[in-house]
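Can you make the complete structure from the sequences, with help from the hints?
Sequences listed follow chains A and P, in order.
Using our numbering, the first residue of the first sequence is number 1, and each one after it goes up by one.
Using our numbering, the first residue of the second sequence is number 251, and each one after it goes up by one.
Incorrect hints may have been included.
Dumping the calculated DSS-like pairs for lysine-lysine here, alpha-carbon to alpha-carbon at most 27 Å [as the list claims (entries may be wrong)]:
1) Lys329(P) with Lys73(A)
2) Lys647(P) with Lys590(P)
3) Lys428(P) with Lys73(A)
From the structure, some residues in chain P lie toward chain A, with a derived Cβ separation under 10 Å [stated by the list, open to error]:
4) Lys276
5) Asp385
6) Gln386
FYI, nobody ran anything at the bench for these hints, they're computed from the structure.
Backbone N, C-alpha and C fix where the C-beta goes; we use that ideal spot for every residue, glycine too.
If you want the building blocks of each chain, they are given just below.
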Amino acid sequence: MQVLGIFNMKGGVGKTATAVNLAYIAASQGKRTLIWDLDPQGASSFYFRIKPKIKGGSEKLLKGKGALESRIKATDFANLDLIPADFSNRELDLRLAEEKQSRLKKLVGGLSDDYDLMVLDCPPSMSELSEQIFRACNLLLVPMIPTTLSLRTLEQLRSFLKKENLDGLKLRTFYSMVDRRKKIHVETLEDKELTGKIGLDTFVSYASAVERMGTERKPVMAFSPYSLPTLQYLKLWDEVRQVLFREKSD
Amino acid sequence: MKHKLPDLNRPLFRTGARINRRELLKALQPAGDGAVVENHAAHYQYYDTFDWRLYFGDLTLVSIESGRQQNLVVFRKGKSEPVATSPGPIGSGFVRDLDPERLPAAVKRLVGIRRLIPRLSVFTDCNQVRIVNNDQKTVLRLTLETLCAEKPGRNGEPYAGQRILFHPLKGYENYQQKAAKNLIALFPECLDEFETFLHCLKTVGDRAGDYSSGINIELEPNMPAGQAARQIHLYLLEMMKRNTPGILGDIDTEYLHDFRVATRRTRSALSLVDNEVLPADVVSKAKQDFQLIGQMTSRFRDLDVYLLALPGYKSLIPAEYRENLDAFGQFLRQQRQSEKRNLEGFLAGGRYHDIITGWHDYLAGTEAGAGDGESALTPVKSMASHCIWKAWTRLMKKAKAIDSQSPKERYHEVRILAKKLRYLMEFMSSLYPRSEMKAAIKNLKKLQNVLGEFQDAVVQSAAIRRYGCEMSAAGIGDAETLMAMGMVAETIVAREQIALESFKATFDQFSNKATRTHFINLFSKDSLP
Ligand SMILES: Nc1ncnc2c1ncn2[C@@H]1O[C@H](COP(=O)(O)OP(=O)(O)OP(=O)(O)O)[C@@H](O)[C@H]1O
Ligand SMILES: [Mg+2]
Numbered sequence: 001m002q003v004l005g006i007f008n009m010k011g012g013v014g015k016t017a018t019a020v021n022l023a024y025i026a027a028s029q030g031k032r033t034l035i036w037d038l039d040p041q042g043a044s045s046f047y048f049r050i051k052p053k054i055k056g057g058s059e060k061l062l063k064g065k066g067a068l069e070s071r072i073k074a075t076d077f078a079n080l081d082l083i084p085a086d087f088s089n090r091e092l093d094l095r096l097a098e099e100k101q102s103r104l105k106k107l108v109g110g111l112s113d114d115y116d117l118m119v120l121d122c123p124p125s126m127s128e129l130s131e132q133i134f135r136a137c138n139l140l141l142v143p144m145i146p147t148t149l150s151l152r153t154l155e156q157l158r159s160f161l162k163k164e165n166l167d168g169l170k171l172r173t174f175y176s177m178v179d180r181r182k183k184i185h186v187e188t189l190e191d192k193e194l195t196g197k198i199g200l201d202t203f204v205s206y207a208s209a210v211e212r213m214g215t216e217r218k219p220v221m222a223f224s225p226y227s228l229p230t231l232q233y234l235k236l237w238d239e240v241r242q243v244l245f246r247e248k249s250d
Numbered sequence: 251m252k253h254k255l256p257d258l259n260r261p262l263f264r265t266g267a268r269i270n271r272r273e274l275l276k277a278l279q280p281a282g283d284g285a286v287v288e289n290h291a292a293h294y295q296y297y298d299t300f301d302w303r304l305y306f307g308d309l310t311l312v313s314i315e316s317g318r319q320q321n322l323v324v325f326r327k328g329k330s331e332p333v334a335t336s337p338g339p340i341g342s343g344f345v346r347d348l349d350p351e352r353l354p355a356a357v358k359r360l361v362g363i364r365r366l367i368p369r370l371s372v373f374t375d376c377n378q379v380r381i382v383n384n385d386q387k388t389v390l391r392l393t394l395e396t397l398c399a400e401k402p403g404r405n406g407e408p409y410a411g412q413r414i415l416f417h418p419l420k421g422y423e424n425y426q427q428k429a430a431k432n433l434i435a436l437f438p439e440c441l442d443e444f445e446t447f448l449h450c451l452k453t454v455g456d457r458a459g460d461y462s463s464g465i466n467i468e469l470e471p472n473m474p475a476g477q478a479a480r481q482i483h484l485y486l487l488e489m490m491k492r493n494t495p496g497i498l499g500d501i502d503t504e505y506l507h508d509f510r511v512a513t514r515r516t517r518s519a520l521s522l523v524d525n526e527v528l529p530a531d532v533v534s535k536a537k538q539d540f541q542l543i544g545q546m547t548s549r550f551r552d553l554d555v556y557l558l559a560l561p562g563y564k565s566l567i568p569a570e571y572r573e574n575l576d577a578f579g580q581f582l583r584q585q586r587q588s589e590k591r592n593l594e595g596f597l598a599g600g601r602y603h604d605i606i607t608g609w610h611d612y613l614a615g616t617e618a619g620a621g622d623g624e625s626a627l628t629p630v631k632s633m634a635s636h637c638i639w640k641a642w643t644r645l646m647k648k649a650k651a652i653d654s655q656s657p658k659e660r661y662h663e664v665r666i667l668a669k670k671l672r673y674l675m676e677f678m679s680s681l682y683p684r685s686e687m688k689a690a691i692k693n694l695k696k697l698q699n700v701l702g703e704f705q706d707a708v709v710q711s712a713a714i715r716r717y718g719c720e721m722s723a724a725g726i727g728d729a730e731t732l733m734a735m736g737m738v739a740e741t742i743v744a745r746e747q748i749a750l751e752s753f754k755a756t757f758d759q760f761s762n763k764a765t766r767t768h769f770i771n772l773f774s775k776d777s778l779p
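Structure representation (structure tokens):
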């Protein structure tokens, strides 16, 4: 099983949209996929119409064997399951601080026979939880809005990973919510030096179809299969797939 | 009505009148807020060998066609999940033509060289139901299947029942549990795939496993021997009749084999029992008739035997010569093709028809005592013990008299005596304690095996020589082919000697005190004076 973390400490950059759409595409291509909604706000659970867990039990989650597995819910799509958000994941953060650094990795590893891919939709913060996520991942995918400011955030993340001896972790970034009407976006995109540091070729445009996910409560491909964002997420998945599974592009 | 909690791993089943989708949804109402229904049809074609090998191995193999998809699926008794699934059609029905990777080893082992033939067709009408909650999230998936079964190649499609297949959704098991509870009154049974197959088979009037090449005749000890003889012969005749369509359809070589075994058993019974029980003229006519049937079917059977043995023959000789045997195979196939017409002509012809119907009419004749032999009224058990005792003593005498220097004919005679004794014991086995009889037959079988190996070696090496002559007369195959056949014959001849050498030790065992006492106790007591 490969673990893909969608991470950015900044909020509202398109993490959840990326997690939901990439997981959906991977599953539709036959990968047994599990998406774990680690954000207590429960945005990805909401997109799959799955109710978040209100009464938590992060204590149980960390101690009990099979406790994570028992939380899994089938989505309405083949090969795709989800672990819903848990309002007590805030608590999870505090609890993890008392545990070993590899606690989450172990938890995730317990499901490695059942799935080919696990996608982690992370909350926007830098915390004990994020550190443990870094240790559990095979690839950290960072969506970024193309501004100089976000590039500084990326630098911070890189130096943090280095400090924590995590520089072996694969890190890829891509531009998200690219809006051609915004001068700063266009300029950043055309800056060759910056783009060189980015990692992936694909970017995802700002598009109303993605916003409509909130009312449709489905991945964008499930209701708008020929839209621009669908094609862009397909392309993005193709790049990610090659990093994770070393599979050749079709 | 109170019901047990349903076994959620097995489909729920009902045999009562069909219910429709509306009634189903009504019963499901407490489970969720809304339902979405899709409709499709599927066709299940079940396969097994002529003698139900998969069934006896607790497996069913079914080709499921639905939409544009076709899959071969194997189920095991007691399990709902398939043990194997492979895409594509069944093809010829021989395992060698199926995907070896995806077929469970058990299927290959059970089917062997036999052919998978269609045993049952089931047509299903499927209503796929999706129950959603107030977020329009699917919380339950199930299929209502209406099953109609028919015998392959027949029309009819009688209604066989309806079932509910649950499609488990992780994290929503409680909905399935609730639904199953609500449905149990409508669907009171739980049948797995194996049981469903057997149930559908029953609705078309068939029974799995109703083929046996073994003898299973129930006789009463005090029944008149004449009546028992007729019962045995009717049983054997039925076996011949039952195998005839399979021979004519050239479906599996085993049909002809079993047909011929029934013929041989008939002849054996005629020579051992009937001359005292049935009138002499009837016996002598029947002997001639069944000898003719044996003769008319023997060349075709031989060709089957050598074709089946060919891969084994190849492994007897060095690899570089193996290809040379291909011309031999070609010759056998050609011969088989032309011999097939002779066989079909005979089995469909008047002579055969007259023999079979005449024999049947005689055996089924109702006038008591009419057309019976002198000992027809003797109780069958004492008659059986007498005949078995006589056959055993003769076998012992002949067998004791041979040694490694004796001519082959002596061994041949002993083999025939052993075979006749075996048939006789099998006809009569219901008259004796089961386990005792089984042990006695087992001892005899060991002796027969050695004699059989010897005989096979003699017959096969001679046959290969004969085929070689036929081939060169017909200008088929070159010198290299004939040489390769010679090598095969040579290794087979060597087996004669091996079998001969083990005969003595085997017979010593067969004639030791324990085995002898066993036979004496079983058969000498009730024997006629
Ligand atoms: N490509 C896009 N085009 C238009 N709108 C988008 C796009 N990607 C995301 N959005 C919208 O932007 C908002 C934030 O996106 P999303 O929830 O994916 O970001 P996030 O990084 O997960 O946020 P948070 O940090 O709060 O979890 C959502 O309302 C979403 O619909
Ligand atoms: Mg989010």
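Here is how each hint holds up against the structure:
1. Taking the CA atoms of Lys329(P) and Lys73(A), the gap is about 25 Å. The hint holds against a cut of 27 Å.
2. At most 27 Å may separate the alpha-carbon atoms for a hinted pair to count; Lys647(P) and Lys590(P) exceed this at roughly 42 Å.
3. For the proposed pair Lys428(P) and Lys73(A), the alpha carbon gap of about 17 Å is at most 27 Å, so the pair holds.
4. With its C-beta approaching chain A no nearer than about 24 Å, Lys276(P) sits outside the 10 Å limit, and its interface hint is violated.
5. Annotation: interface hint on Asp385(P) holds; nearest CB of chain A at approximately 4 Å, less than 10 Å.
6. At about 6 Å, the closest approach between the beta carbon of Gln386(P) and any beta carbon in chain A falls short of 10 Å, and the interface hint on this residue holds.
Consistency note: the structure conflicts with the earlier hints numbered 2 and 4.
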